[in-house]
Amino acid sequence: DEGSIDHTFTEDGVVILMVEDLTRRGGPEHVYRVEVRPSRGRFSLELSDTLYHAPAGGDFKVKVHCRRNGYDGPIELEADGLPPGTKAAKARIDKGKTSVELSITLGKDLQPGFIGTFRIFTTIQIGKETERLEAGTREALREDFPRLFHPPRVLDGLAGFAVTARKK
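Following the numbering used here, the numbering of the sequence shown begins with 23 at its first residue and continues without gaps.
Fair warning: there could be bad hints in the mix.
Lysine-lysine pairs mimicking DSBU-like chemistry, simulated, CA-CA at most 35 Å apart [claimed, not checked]: (1) LYS109 to LYS190; (2) LYS189 to LYS112; (3) LYS83 to LYS189; (4) LYS85 to LYS130.
No wet-lab data here; the hints were simulated from the structure.
Please read all numbers here as calculations on a predicted model, not as lab measurements.
Turn these sequences into a full structure, and let the hints steer you where they fit.
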């Protein structure tokens, strides 16, 4: 992940930026790329959990949190990677709000024991470019695996579900 800092300077003047890596190494023998630009307002999305379950035809709720950093507008959410017959309801984090629950209804034909994965994302417009921004799961992974300080990037944003047996 790219690091970023949003800062508003209170007065004009010379600014010195010190950059180092996680092991606190830095200096003229290291090369870093720093980009400075006016903030357009940003946000990031995070899922509060990584594992969900429901019976076939049943549903579960995915809580999506938004960390706003200068962007206050609405955010439309979608789900990706769901199996056929499984549907995600429309979800929107309204202007100024910081979370919403997205409902996913599992397909009726799924068998108990079926395991699947999905990702939650939004599409954002930056100038003339359209970008996909996925909800992360890094914080939830750290709760699930407290000794895993840096969860693998491939798992960030990935959530899983299991189809359970119907209660009789």
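Cross-check of the supplied hints:
Straight-line distance between C-alpha atoms of LYS109 and LYS190 comes to about 24 Å, which keeps the hinted pair within the 35 Å bound. A distance of roughly 28 Å separates the Cα atoms of LYS189 and LYS112; the hinted pair therefore holds under the 35 Å criterion. With a C-alpha separation of about 19 Å, the suggested pair LYS83 and LYS189 falls inside the 35 Å cut-off, and the hint holds. Distance check on the hinted pair: LYS85 and LYS130 sit about 23 Å apart at the alpha-carbon level, within 35 Å; holds.
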